[in-house]
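Chain order of the listed sequences is A and B.
Residues 0 to 216 (numbering that gives the first Met the number 0) make up the first sequence, in order.
Residues 0 to 216 (numbering that gives the first Met the number 0) make up the second sequence, in order.
To be clear, the hints were calculated from the coordinates, so they are not data collected in a lab.
Be a bit skeptical, because a hint or two may be false.
You can't tell identical chains apart in this list, so a pair holds if it fits in one copy or across any two.
25 angstroms max Cα-Cα, derived SDA-like pairs, lysine to any residue [stated by the list, open to error]:
hint, residue 1, residue 2
1, Lys-124, Gly-91
2, Lys-124, Arg-195
3, Lys-45, Asp-136
4, Lys-45, Ser-184
5, Lys-45, Ala-197
6, Lys-124, Ser-176
7, Lys-124, Arg-137
Note that the structure is a prediction, hence the values are computed from the model and not measured.
There are 2 protein chains.
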Amino acid sequence: MGIVITAFERSPDGGKGLARDTRVRWALEEAGLPYEVRPVSFRAMKEPAHLALHPFGQIPTYEEGDLALFETGAIVFHIAQHHAGLLPDDAGARARAITWIFAALNTVEPVILELVTARILERDKPWTAERLPLVEDRIRDRLTQLAARLGDADWLDGSFSAGDLMMVSVLLRLRPSGLLDEFPSLAAYVARGETRPAYRRAFAAQWAVNAAPPVGG
Amino acid sequence: MGIVITAFERSPDGGKGLARDTRVRWALEEAGLPYEVRPVSFRAMKEPAHLALHPFGQIPTYEEGDLALFETGAIVFHIAQHHAGLLPDDAGARARAITWIFAALNTVEPVILELVTARILERDKPWTAERLPLVEDRIRDRLTQLAARLGDADWLDGSFSAGDLMMVSVLLRLRPSGLLDEFPSLAAYVARGETRPAYRRAFAAQWAVNAAPPVGG
C-alpha cells in the first residue's frame, strides 16, 4: 500500500523548493518512507477529479490505500504521528512540537502570505510600493518574537521535530525578500534545516522535476 | 490538576465571541471539561511572564499541571485528542477531521485575516477603499470552494468534529463584513455551530467578561 502525493507538474518557483509538496517530501524523507509523486497541471488542479481530492484545488495531496488527505499541515502531522523521527515520544514534548506546527502555519505564515499577495497578485497596483513596508514590518514583528524564543538553541523545543520542519519551510518563503537575513539567528536556523540529509533529498527530488533544463548544448 | 486558559481582560470585539479564547472554551465545553480563565491585559500580554507562555504575546494559552501550550489550533487539537466528543474514533475519519482543523487555519483563515488587516490596521490608508474588493474576492473564491465541498451536508465530514468547530469559528469572523451571508449554505453551517449547547455556553462565558455594562440605571 504505497504512498502517493501530488505536486505541481511545473512549480511556479522553478524548483526553489518553495512549493508545499517540498514540506511533505521532507517529512517523508525524515521518516524514511518511499513515495510516488503524481504531477498535476494548473488546469487539472481545478477540475473535478482533483477537487474531489483537494476541495481548494491545490497541491499537495496524500493517498495511502483508502486514506486521502489534503492540507500540508495535516499531511505532515499524519506522517509524524505514525512514524518515528518527527515527534518526541514524551507526551508533553509531543504536544509542544505540535504547537509549533500550528504556530508556523497560523501565526507566522499568514503575515508572510500577505507579502506574497502584495508582490505577486498586487504587483501592478498603484498602492503596492507604498504598502509593502507595512507588510514587511508586520513580518519583522513576528520574526523578532520568534528569534527571542529561539534564542541560541538549535531547534524550537529540544530536538528537531515536525514543528521545526514546518517553521523552517515557512521561513524559507522569506528568503527571496531579504527579510530573513535581517535575523541572523533565524537565517542560521533555516540553514540548519536545509543541511539535514532528508531536506536535501526532498529538495533534490522536486528540483529534478521543476528546474529549467540547461539552455543549449 | 485543573485547566487554566488565558483570555483578553477586555476583548477588542466587546464580547462578539470572535477572540480566539472562544474557540478553546467551545472545545472544553464540547469535551465537558471544567476550566478556569485568567484574564490578561494588553500591557501584560507583551511582558516577560506572558511571553514565557506565549512567544507571540497573544491569547489564549492553556495550562494543565506541567503542560503549557499556546496556539489555538494546537490547544483545540490537544483537547480533542485526549477527550471524547471532538474527533471520531475511526483512524481515517480522525485524520480527515484533523485535516479540516488545518484547512480552517491555514487555507481559509489567512484570506480572512487579510480583510481584518485591511479594515483595522490599514483603515485610514488611501488605498484601502480601492483594495478591499480584491481582498473580498479572494475570500469569495475560498468560500465558493468550501460551499461546493460542504454541499447540503450538516458538517464537513460526517459528524460534528473539531474540524467543524474550527471552520465555524474562522467563518464567524466574516459575519460583520456581510460576506458570509452571500453563501447561504455556509451561513446555515455557521448557525448550526452556534446552536450547539457547548458553543452557547462558551459564548455566554466570554460575553459575561467582555460585554459592556448597560449605560445608565
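Here's how the hints hold up against the structure:
{"no.": "1", "hint": "Lys-124 - Gly-91", "verdict": "neither (47 angstroms within a copy, 45 angstroms between copies)"}
{"no.": "2", "hint": "Lys-124 - Arg-195", "verdict": "neither (40 angstroms within a copy, 44 angstroms between copies)"}
{"no.": "3", "hint": "Lys-45 - Asp-136", "verdict": "between (34 angstroms within a copy, 17 angstroms between copies)"}
{"no.": "4", "hint": "Lys-45 - Ser-184", "verdict": "between (40 angstroms within a copy, 22 angstroms between copies)"}
{"no.": "5", "hint": "Lys-45 - Ala-197", "verdict": "neither (31 angstroms within a copy, 37 angstroms between copies)"}
{"no.": "6", "hint": "Lys-124 - Ser-176", "verdict": "both (19 angstroms within a copy, 23 angstroms between copies)"}
{"no.": "7", "hint": "Lys-124 - Arg-137", "verdict": "both (20 angstroms within a copy, 16 angstroms between copies)"}
Hint compliance for this structure: hints 1, 2 and 5 are broken, all remaining hints hold.
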